[in-house]
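Read top to bottom, the protein sequences are chains E and Y. Okay, so the first sequence: first residue is 1 according to the working numbering, each after it adds one. Okay, so the second sequence: first residue is 1 according to the working numbering, each after it adds one.
The hints are all genuine.
Covered, in the sense of this in silico footprint (three residues per stretch, anywhere, with C-beta under 8 Å from a C-beta of chain E), are these stretches of chain Y:
hint	stretch
1	514-526
2	536-549
Simulated crosslink set (DSBU-like; lysine-lysine; CA at most 35 Å straight-line):
hint	chain 1	residue 1	chain 2	residue 2
3	Y	Lys7	E	Lys54
4	E	Lys33	Y	Lys598
5	Y	Lys675	E	Lys33
6	Y	Lys526	E	Lys33
7	Y	Lys591	E	Lys33
8	Y	Lys624	E	Lys33
9	Y	Lys665	Y	Lys757
10	Y	Lys106	E	Lys54
11	E	Lys93	Y	Lys562
12	Y	Lys598	E	Lys54
13	E	Lys93	Y	Lys611
14	E	Lys54	Y	Lys795
15	Y	Lys454	E	Lys54
16	Y	Lys675	E	Lys54
17	E	Lys33	Y	Lys611
18	Y	Lys323	Y	Lys437
19	E	Lys33	Y	Lys562
20	E	Lys93	Y	Lys519
21	E	Lys33	Y	Lys795
22	Y	Lys757	Y	Lys323
23	E	Lys93	Y	Lys526
24	Y	Lys562	E	Lys54
25	Y	Lys519	E	Lys54
Negatives, chain Y to chain E, calculated, CB over 12 Å:
hint	residue
26	Asp264
27	Glu317
28	Thr387
29	Asp647
30	Arg685
The set of hints was computed from the structure by calculation and includes no laboratory data. The beta carbon of each residue, even a glycine, is placed where N, CA and C say it ideally should be.
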Amino acid sequence: MNAPFSHMAWIAIGELSDIPIRGARCVVTPMGKIGVFRTAENDVYAIEDHCPHKGGPLTQGIVHGASVTCPLHNWVIDLETGQALGADEGAVKTLPIRLDGSVIELGLDPALMAENG
Amino acid sequence: MSEPREKLVIIGNGMAPGRMLEHLFEAAPDQYDVTIFNAEPRVNYDRIMLSPVLSGEKSFEDIIIHGDGWYIEHGVTLYKGHKITQIDRQAKTVTSHVGEVAEYDKLVIATGSSPFIIPVPGHDFQGVLTYRDLDDVDAMLLAAQSGARTVVIGGGLLGLEAAAGLKARGMDVTVLHLMPTLMERQLDSSAGFLLQQELESRGIAVITEANTKQILGDGKVEGVELEDGTIIPCELVVMAAGVRPSARLANEAGLEVGRGIIVDDLMRTSDPDIYSLGECAEVGGMCYGLVAPLYEMARVAAGHLAGEPTKTFKHSETPTKLKVTGINLYSVGDFAEGPDREEIVLRDAMGGIYKRLVIENNRIIGVVLYGDTADGGWFAQLLKDKTDIAEMRDTLIFGQNYQGGEPLDPMVAVAALPDDAEICGCNGVCKSQITGKITDLGLTNLDDVRAHTKASASCGSCTGLVEQLMVVTLGDAYNPAAVQPMCGCTDLGHDDVRRLIKAKGLKSIPAVMQALEWKTSCGCAKCRPALNYYLVCDWPDEYADDYQSRFINERAHANIQKDGTYSVVPRMWGGMTSSKELRAIADVVDKFDIPAVKCTGGQRIDMLGIKKEDLPAVWEDLGKAGFVSGQAYAKGLRTVKTCVGTDWCRFGTQDSTGLGIKLEKFMWGSWTPAKLKLAVSGCPRNCAEATCKDIGVVCVDSGYEIHFAGAAGLDIKGTEILAHVSSEEEVLEHVVALAQMYREQGRYLERIYKWAKRIGYDEVRRQIMDDADKRKAYYERFVFSQTFAQVDPWKERVEAEPQADMYAEFRPLADLTVQEAAE
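Build out the structure end to end from the sequences listed, making use of the hints.
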């Protein structure tokens, strides 16, 4: 959780065009599923694919602005902070993510991955 | 580890215990396991709004306070239709009439009251009703359908509301009242006289000083005879001669009982573990029937049950209003004449206005208003505060606006009300509670203010005041005439958006958002699916469906389940299947290790628990067996349920199965504002349950009855009849035209019964039945749209290139666990 930034490993997970605009795909990791989101502005975000409410798969939700609405009970999650918006309270973990040209890279803690892998 | 909760059992599920639970769950949400026994087979509803239901101004759904979901949400066990017959105080149990036994730590008796039946000969005849609950209203409405003549015995609040409601339903109504003037407990004789005149001008006959001798008939009502020999022929008698607290159960249990169940000012009976509240309770020697003091009891009892016994019940004067549209009357306090009392009276014969204030020692002690009741709240406040009125005595009767010379703007008058001025008498909500919530929570519409403050949420007569308060607090930010916007992204309502899409020729979501000045860059999860539907419906040939604006079920062509897996339902036309189809389904279930298989309510087979990545392969296999998607996930045509009709049934009058299949094959693939379920029954026995469907057909010997606007989900509603036609071709044309009309006019997520009710059933009949050109035009637009809509989404997906976006949806973007293992 509090892994120092230096331990971060950037792993290429795919091309930007692999994700529909205003859409999402999931990435399977040893720590569980991570949702990777692409907004209308071509910004990418990575958050746990697990709604803080009842664990709904957020990648299946509708993406609008920089947020996603969970398909199970319509919680709205801010992709940038992982916080639930509106009257609901809760948060999901966010992960570092970046674009290297058109390649999407996810920042993961290698120790954590090895431990679970 | 939490301690085991105490068991709270409540007998009765009326408004008082309902409100008590709201307070209790707020103060101590986890203290009790709550069980309710309700003799009425339904949830808690607003009993004081039964009169608008009777008159047809509201429906039962409009007056529900706690829907079934509320009980589930709070973990309350509700026994509907269970009458408690015994309380065992030693064992601390209650027993219902069917033998259900429940243990309690604390018991609340809220048995309410029962109507007083005048024991005249004939009082037990068929056709003698009371006016107490929804069953009574339903019985009266049934009688109204056959145009029965009615005598209402009792000219008090309830009797007159019943009389006005039945009159509004077109019945012939006579009111009998024992006393010389109507509503003598709430009105003086002058106001009572004005009221009688008004009722008579509406065609209601009123006979005062009428002493009923007997009800005539032979087991069934034929008339009413008065002591003076007058005979009034009628088929229906409504007894509204008052109520009695229902204290029998408490009495049999050995609790102290007077007129009602005697409680102290904390609502405790003579047994410390038993409370009583509502109309059955007697506190300080008084029994109450109006909602405000009953809600006060609820507050007190909840506080004590939650261990916060700070409040005690105090008597206060409650204003009375009559809930009959167009009749304004208001009374509060004591208005009898007396040696130390003076009165100020204003009469305006032309305007039909009568106002009377009763004054003692320069204080208002009684108010009667008829015709113009706008100042009722202000007078009541002066009464409650015991304000010395000596200085404004000369102008007092003209009301608040005339104090200080110039007439005040009503807004200024509302603004000038003190913070503790009571706005909502039913719920005991004062001005500062409302303005505080508006400011703190940023409320801008009436529904939200109602939800958060309860003000105007019961009888609704203070709605105008609450709206004025919103104007005073919010200024221009509150526009009472404003329509409910689609969502936070726009100020426009659904109807405006639909109209402008057509008028401006907007053919994409970005075009709509640009032209209609959307406030967000790309909408939200509420507006985008709605816009996508409107565009699909309005421009079937030109609009490119935006999958990213569809809910996941319509993207994955399956229903998402709580664990993120999906369920798949193949179409079985008209509910018919075959060994070949069943074998194919069985093979798919085995091959993909599908954990659950179930029959749906619409006669289809549902395979549940399929992993998302397996969906394309499942569809491929089902497709090979000839199946297409059942669209069980769609805001679109779902199923056409049928019975076996003339093919097999010895009662069948037409080929209901064949007709159902024709309808389904014609209409599948169409998108609609909300799901659309059909049924065709082969005879009036109606085995396919067509009369609670969105659109239903009931076959009869002479042809086909077409029904619409039924519901059997959150709401239960029988269908309305659209037409009787004689051929299958006509059925198809009418049903399709109706579906298209709904597609073009409905708001997204609005089921057909809500849409039809909103625009009026007669309007639907007028356009579909009376205007053949219009009907044909609707039909043709539907047919045109279907040429683009009838594409099997499974086939489309399966045939897509595995690299295509469409297919990618079903695979993870990357699997880093595999990568790890490979290293």
